[in-house]
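Student: This is what each chain is made of:
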Amino acid sequence: SQQGEEDPQALSIQEGENATMNCSYKTSINNLQWYRQNSGRGLVHLILIRSNEREKHSGRLRVTLDTSKKSSSLLITASRAADTASYFCATVQETSGSRLTFGEGTQLTVNP
Amino acid sequence: KAGVTQTPRYLIKTRGQQVTLSCSPISGHRSVSWYQQTPGQGLQFLFEYFSETQRNKGNFPGRFSGRQFSNSRSEMNVSTLELGDSALYLCASSPGFVRNTEAFFGQGTRLTVV
Numbered sequence: 006s007q008q009g010e011e012d013p014q015a016l017s018i019q020e021g022e023n024a025t026m027n028c029s030y031k032t033s034i035n036n037l038q039w040y041r042q043n044s045g046r047g048l049v050h051l052i053l054i055r056s057n058e059r060e061k062h063s064g065r066l067r068v069t070l071d072t073s074k075k076s077s078s079l080l081i082t083a084s085r086a087a088d089t090a091s092y093f094c095a096t097v098q099e100t101s102g103s104r105l106t107f108g109e110g111t112q113l114t115v116n117p
Numbered sequence: 003k004a005g006v007t008q009t010p011r012y013l014i015k016t017r018g019q020q021v022t023l024s025c026s027p028i029s030g031h032r033s034v035s036w037y038q039q040t041p042g043q044g045l046q047f048l049f050e051y052f053s054e055t056q057r058n059k060g061n062f063p064g065r066f067s068g069r070q071f072s073n074s075r076s077e078m079n080v081s082t083l084e085l086g087d088s089a090l091y092l093c094a095s096s097p098g099f100v101r102n103t104e105a106f107f108g109q110g111t112r113l114t115v116v
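Residue numbers (this note's numbering), protein chains in the order written: chain L, 6 to 117; chain X, 3 to 116.
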């Protein structure tokens with residue numbers, strides 16, 4: 006079953022704009038990870054944020070985590086056409102061992 | 003360092019047949035996990051292997067099985083294929099348990115059951 010729900014399901018923006026994707030989950034987590042997938046290919050790991058962290062940065066990416074609201078957001082700044090992809094959040098729940106439980110994903114389209 | 007390698011990339015099988023998919027993890031990684039991705043169900047966890055032992059299993063029927071070898075390479079097997087088994091099967095490797103570190107995914111095997 007899907008742990009997370011992602012919002013929006015689809016997002017279309019112009020190059021140079023910022024893109025924000027949100028993820029909500031239901032149970033306590035050990036960590037939350039964001040992945041990118043291009044056209045049904047493999048998943049590329051973007052950022053891992055642990056349950057005791059509130060914010061992490063990696064290049065143009067910023068991830069926040071609010072465990073009290075059981076939600077996370079991924080911000081991509083100054084987007085590029087190459088950022089067009091599906092973005093998934095995945096949680097490692099405290100009670101589920103070592104599996105990733107994925108959300109349904111957000112399809113981001115960046116128009117040149 | 004080479005990434006995660008999955009073979010074959012594409013596969014077409016007939017209902018009732020069985021199939022074996024292979025995954026070679028990143029050198030030094032001891033954990034290998036398998037996921038199924040379909041348009042209807044999304045990404046779902048199949049199982050995780052660490053040091054040749056299955057450590058975790060998802061909610062899939064017994065037709066889905068796997069194993070890990072001493073060199074950390076892993077195979078998954080699906081017997082008595084059904085049309086609903088058509089999916090992208092993704093393998094992920096990690097240096098340790100995924101609860102402590104990120105996972106690195108292969109390009110996947112696209113299985114079509116006809």
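Since the hints were made in silico from the structure, they are not lab data. These numbers come from a predicted model, not from an experiment. Hints are supplied without guarantee of correctness; some may be wrong.
Example chain L residues on the side facing chain X (calculated, C-beta under 8 Å, incomplete) [claimed, not checked]:
id	residue
1	N43
2	G45
3	G47
4	F107
Sample of chain L residues lacking proximity to chain X, with all beta carbon distances greater than 12 Å (derived) [stated by the list, open to error]:
id	residue
5	Q19
6	R46
7	H50
8	R55
9	D71
10	T72
11	A83
12	R85
13	R104
14	L105
15	G108
16	E109
Residues of chain L clear of chain X, computed beta-carbon distances all greater than 10 Å [claimed, not checked]:
id	residue
17	P13
18	S17
19	K31
20	N35
21	N36
22	Q38
23	K61
24	K75
25	L80
26	S103
27	T106
28	G110
29	T114
Where is the CB? At the ideal position from N, CA and C, for every residue including glycine.
Student: Each hint: holds or not?
Tutor: Results of checking the hints against the structure:
1. Checking N43(L) against chain X by beta carbon gives a least distance of about 10 Å; that is not within 8 Å, so the hint is violated.
2. Among the interface hints, the one on G45(L) holds; its C-beta lies about 6 Å from the nearest C-beta in chain X, closer than the 8 Å criterion.
3. Interface hint status for G47(L): upheld, as the beta-carbon distance to the closest one in chain X is roughly 4 Å, under 8 Å.
4. Interface hint at F107(L): satisfied, since its Cβ lies 4 Å from the closest Cβ of chain X, which is below the 8 Å cut-off.
5. For Q19(L), the condition that its CB be more than 12 Å from all CB atoms of chain X holds, with the nearest at approximately 28 Å.
6. Not every CB of chain X is more than 12 Å from the CB of R46(L) (nearest about 6 Å), against its label as outside the interface.
7. Not every Cβ of chain X is farther than 12 Å from the Cβ of H50(L); the closest lies at roughly 5 Å, contradicting the non-interface assignment.
8. Under the 12 Å C-beta cut-off, the non-interface status given to R55(L) relative to chain X is violated; the minimum distance is some 9 Å.
9. With a least beta-carbon separation of about 20 Å from chain X, D71(L) lies farther than 12 Å from that chain, consistent with its non-interface assignment.
10. Every beta carbon of chain X lies more than 12 Å from that of T72(L), the smallest distance being close to 16 Å; the non-interface claim holds.
11. With a least CB separation of 24 Å from chain X, A83(L) remains clear of the 12 Å interface cut-off, as annotated.
12. Under the 12 Å C-beta cut-off, the non-interface status given to R85(L) relative to chain X holds; the minimum distance is some 22 Å.
13. Distance check for R104(L) against chain X: the nearest CB is about 4 Å away, which does not clear 12 Å, and the non-interface claim fails.
14. The claim that L105(L) is not at the interface with chain X is violated, since a C-beta of that chain comes within 12 Å of its own (minimum 6 Å).
15. Here G108(L) does not stay apart from chain X, with its beta-carbon only about 8 Å from theirs, under the 12 Å limit.
16. Annotated as non-interface, E109(L) brings its C-beta within 12 Å of a C-beta of chain X; the closest such distance is 5 Å.
17. Non-interface status of P13(L) relative to chain X is upheld: no Cβ of that chain comes within 10 Å, the nearest being about 16 Å off.
18. S17(L), annotated as away from the interface, keeps every beta carbon of chain X farther than 10 Å; the closest lies near 20 Å.
19. Every CB of chain X is more than 10 Å from the CB of K31(L) (nearest about 15 Å), matching its label as outside the interface.
20. Taking the minimum C-beta to C-beta distance to chain X, about 5 Å, the non-interface status of N35(L) is violated against the 10 Å cut.
21. Distance check on N36(L): its Cβ comes as close as 7 Å (rounded) to a Cβ of chain X, failing to clear the 10 Å threshold; non-interface status is violated.
22. Under the 10 Å C-beta cut-off, the non-interface status given to Q38(L) relative to chain X is violated; the minimum distance is some 6 Å.
23. The beta carbon of K61(L) is kept farther than 10 Å from every beta carbon of chain X, the shortest such distance being approximately 12 Å.
24. Taking the minimum C-beta to C-beta distance to chain X, about 18 Å, the non-interface status of K75(L) holds against the 10 Å cut.
25. Look at L80(L): its CB is around 19 Å from the nearest CB on chain X, clear of 10 Å, so calling it non-interface holds up.
26. Separation of S103(L) from chain X is inadequate, the least Cβ-Cβ distance of about 4 Å not exceeding the 10 Å criterion.
27. Distance to chain X contradicts T106(L) as a non-interface residue, since its nearest Cβ pair spans about 7 Å, not more than 10 Å.
28. Residue-level check failed: G110(L) sits 7 Å from the nearest beta carbon of chain X, not beyond 10 Å.
29. With a minimum CB-CB distance of about 18 Å to chain X, T114(L) clears the 10 Å threshold, and the non-interface call stands.
In summary, the structure is inconsistent with hints 1, 6, 7, 8, 13, 14, 15, 16, 20, 21, 22, 26, 27, 28 from the numbered list given earlier, while agreeing with the others.
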